[in-house]
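Novice: These are the residues of each chain, in order.
Protein chains: 2
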Amino acid sequence: MNRVCELLGIRYPIIQAGMVWCSGWELASAVSNAGGLGIIGAGSMYPDILKHHIQKTKASTSHHFAVNLPLLYPDINQHVETIIKEKVPIVFTSAGNPAIWTKILKAEGIKVIHVIANSKFALKAVEAGVDAVVAEGFEAGGHNGKEETTTLCLIPKIVDTVDIPVIAAGGISSGKSMLAAFALGAQAVQIGSRFAASEESSAHPSFKQKIIEAKEGSTKLSMKAITPVRLLENDFAHQVFEAEQQGLGKEKLIELLGKGRAKRGMFEGDLINGELEIGQVAANFHQILPAKQIVEEIWTEFMQEKDKLTNLNF
Amino acid sequence: MNRVCELLGIRYPIIQAGMVWCSGWELASAVSNAGGLGIIGAGSMYPDILKHHIQKTKASTSHHFAVNLPLLYPDINQHVETIIKEKVPIVFTSAGNPAIWTKILKAEGIKVIHVIANSKFALKAVEAGVDAVVAEGFEAGGHNGKEETTTLCLIPKIVDTVDIPVIAAGGISSGKSMLAAFALGAQAVQIGSRFAASEESSAHPSFKQKIIEAKEGSTKLSMKAITPVRLLENDFAHQVFEAEQQGLGKEKLIELLGKGRAKRGMFEGDLINGELEIGQVAANFHQILPAKQIVEEIWTEFMQEKDKLTNLNF
Chain H
9 MNRVCELLGI RYPIIQAGMV WCSGWELASA VSNAGGLGII GAGSMYPDIL
59 KHHIQKTKAS TSHHFAVNLP LLYPDINQHV ETIIKEKVPI VFTSAGNPAI
109 WTKILKAEGI KVIHVIANSK FALKAVEAGV DAVVAEGFEA GGHNGKEETT
159 TLCLIPKIVD TVDIPVIAAG GISSGKSMLA AFALGAQAVQ IGSRFAASEE
209 SSAHPSFKQK IIEAKEGSTK LSMKAITPVR LLENDFAHQV FEAEQQGLGK
259 EKLIELLGKG RAKRGMFEGD LINGELEIGQ VAANFHQILP AKQIVEEIWT
309 EFMQEKDKLT NLNF
Chain S
9 MNRVCELLGI RYPIIQAGMV WCSGWELASA VSNAGGLGII GAGSMYPDIL
59 KHHIQKTKAS TSHHFAVNLP LLYPDINQHV ETIIKEKVPI VFTSAGNPAI
109 WTKILKAEGI KVIHVIANSK FALKAVEAGV DAVVAEGFEA GGHNGKEETT
159 TLCLIPKIVD TVDIPVIAAG GISSGKSMLA AFALGAQAVQ IGSRFAASEE
209 SSAHPSFKQK IIEAKEGSTK LSMKAITPVR LLENDFAHQV FEAEQQGLGK
259 EKLIELLGKG RAKRGMFEGD LINGELEIGQ VAANFHQILP AKQIVEEIWT
309 EFMQEKDKLT NLNF
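Chains H and S supply the protein sequences, listed in that same order. Numbers in my numbering are just positions in the first sequence, counted from 1, shifted up by 8. Numbers in my numbering are just positions in the second sequence, counted from 1, shifted up by 8.
The following block holds chain H by itself, in its conformation from the complex:
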């Protein structure tokens, strides 16, 4: 049996990424009900909102689900308390040092998976005692590693570095790309962009439409002077690109970013001045579909392409 399916108690090794402003209880429960793992993105939620989403997810699915917890979240103590009190079975941690929180969560019987983008942090995650890592490449949407290592280069490196299961993320939206990740030694995939544009995503409908219209070159890794983040181009993003090309530093970027831009763009649908985060792979799909259909299409294609690969003649 697949190690990640066994670890997480799921049917298919397909994980929906926890994403700010996109992945609430509707998406998480739909993915878990479809046989994958749904994740609530806690990074954009106040503690009481997170509690509400966890409770709604539990009411909507009998399957396992997870919460994504950015470790730099200001109210992290409250988030962790909620997660423990509500008996969330799995937590994906990201953006921070897993050393402290892994122990606390695991003591409660919670499975912990940490997101990394290089082998140094993969080893730190192992040391912290996590059950698996998500290895996320340069093509991924949102926050990203400084080394700019692509999924194709990153996965074999991490698989060679750690003994725990590796979940591939970045650039995956289809059965074919899932199969490529498995060819590299991953034991599951984490998919963000395609689910951000699903029917159950809490992203604004205008943002979903813009995601499926994305083309090659429509996203760009930006804000490297602060924290690298992949942006979908719009007026705001072009201001950022311009400022970076002119060599304007951290302070100017922080000023440009201001507050609440991500909510404004992704949740409220301000496609001009909002911050829109999405992966490069948005150029590769063009439909807003129910999450269940996405899981099933990916799984079916994965199995079909695996057979095709098997039957290749040389």
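Treat the hints with care, as some may be off.
If chains are identical, the list can't say which one is meant, so a pair holds when it fits in one copy or spans any two.
[Said to hold, decoys possible] Here are the simulated lysine-lysine pairs, PhoX-like style, with alpha carbons at most 20 Å apart:
1. LYS154 <-> LYS223
2. LYS223 <-> LYS132
3. LYS216 <-> LYS95
4. LYS228 <-> LYS128
5. LYS258 <-> LYS132
6. LYS228 <-> LYS154
7. LYS64 <-> LYS154
8. LYS128 <-> LYS223
9. LYS154 <-> LYS132
10. LYS271 <-> LYS111
11. LYS260 <-> LYS128
None of these hints come from the bench; they were simulated from the model.
Go by the hints and put chain S onto chain H.
Specialist: The following block gives chain S in isolation, referenced to the frame of chain H:
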């Protein structure tokens, strides 16, 4: 049978990239003798040098080989004349518009493969009448596309866009990564970095050593204001990164680059002031081996990993 093997008359769908300062007759003939396709990199050769390398390759192998021809090469007429006169069976064209030269080469019975990094240029290559395309992702060494599309995102896109065979390039150095490329629909792989560090490569021994010591984050796509190129970090590269961070434009970069830097770095072994071009995947291998052993290791691992993938249970 594999379409690329059939098209090019080779045993294994493993192509050694034509690279400036690294791939002369010794490397090309060794790869062709090992059952792959060896390519002479004409971009760093004067017309009489190219002629010499073609003749030496012909004397050293009875198998097919190719010449890589950057279409912006100043003496391109002379290069094409040499290629035709010496009856080179296959030409890989890059860095330029294939419209004119494809027709001329094909009229002589030469197979033409063009290197692209987006679907727009893939369609232009099909229109020009090429036999196959090399789709090269962001992680590749040397010159690179403006869209920064990674191999994982690029290959399925190009496979969906054209009917001719697609050869994957960028981030490939092993049987596992080759298998990932096939999972994405590629019918062959083109490998640069690993052969740049092979025994038969004409790269300077110090450069080869530096390649195999590369780590995650050691290379960076730079010079975007001129033509994007992936550099291995050294003093020169850091000057470039610094200039770019300060927002110094095209003119400053051209001045910094000066003349003959690539030769100085890669061929003459000036690791401080020379320009060193290599792919991100250099972080994933650590030995200088004979080309034959590289071809065999990759092929053996490819077949083994294909079997493993087949036998996965869910």
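Novice: When Cα atoms must be at most 20 Å apart, do LYS271 and LYS111 count as within-copy, between-copy, both, or neither?
Specialist: Neither. Shortest intra-copy (32 Å) and inter-copy (53 Å) distances fail the 20 Å Cα cut-off.
Novice: For LYS216 vs LYS95, is the C-alpha pair at or below 20 Å within one copy, between two copies, both, or neither?
Specialist: neither (32 Å within a copy, 54 Å between copies)
Novice: Quick one: LYS154 to LYS223, C-alpha cut-off 20 Å, is that within a copy, between copies, both, or neither?
Specialist: Result: close only across copies, 13 Å inter versus 24 Å intra.
Novice: Treating 20 Å as the Cα threshold, decide for LYS154 and LYS132: within, between, both or neither.
Specialist: Within one copy, since 17 Å is at most 20 Å while 34 Å is not.
Novice: Checking LYS260 and LYS128: alpha-carbon separation at most 20 Å within a copy, between copies, both or neither?
Specialist: neither (30 Å within a copy, 35 Å between copies)
Novice: Since the copies are identical, ignore which copy is meant and state whether LYS228 and LYS154 lie within 20 Å (CA to CA) inside a copy, between copies, both or neither.
Specialist: Both, since 14 Å and 10 Å are each at most 20 Å.
Novice: Given identical chains, is LYS258 near LYS132, meaning Cα to Cα at most 20 Å, within a copy, between copies, both, or neither?
Specialist: Close neither inside one copy (28 Å) nor across copies (40 Å); limit 20 Å.
Novice: Regarding LYS128 and LYS223, is the shortest C-alpha distance of 20 Å or less found within a copy, between copies, in both, or in neither?
Specialist: between (33 Å within a copy, 11 Å between copies)
Novice: With 20 Å as the alpha-carbon cut-off, assign the pair LYS228 and LYS128 to within, between, both or neither.
Specialist: Answer is between: at 18 Å across copies they meet the 20 Å cutoff, but 25 Å inside does not.
Novice: Classify it for me, LYS64 with LYS154: is the Cα-Cα distance of at most 20 Å met within a copy, between copies, both or neither?
Specialist: Classified as neither: same-chain Cα gap 36 Å, cross-chain 44 Å, threshold 20 Å.
Novice: Go through the copies and call it for LYS223 and LYS132: within, between, both or neither, with a Cα cutoff of 20 Å.
Specialist: between (36 Å within a copy, 17 Å between copies)
The structure shown violates the earlier hints numbered 3, 5, 7, 10 and 11.
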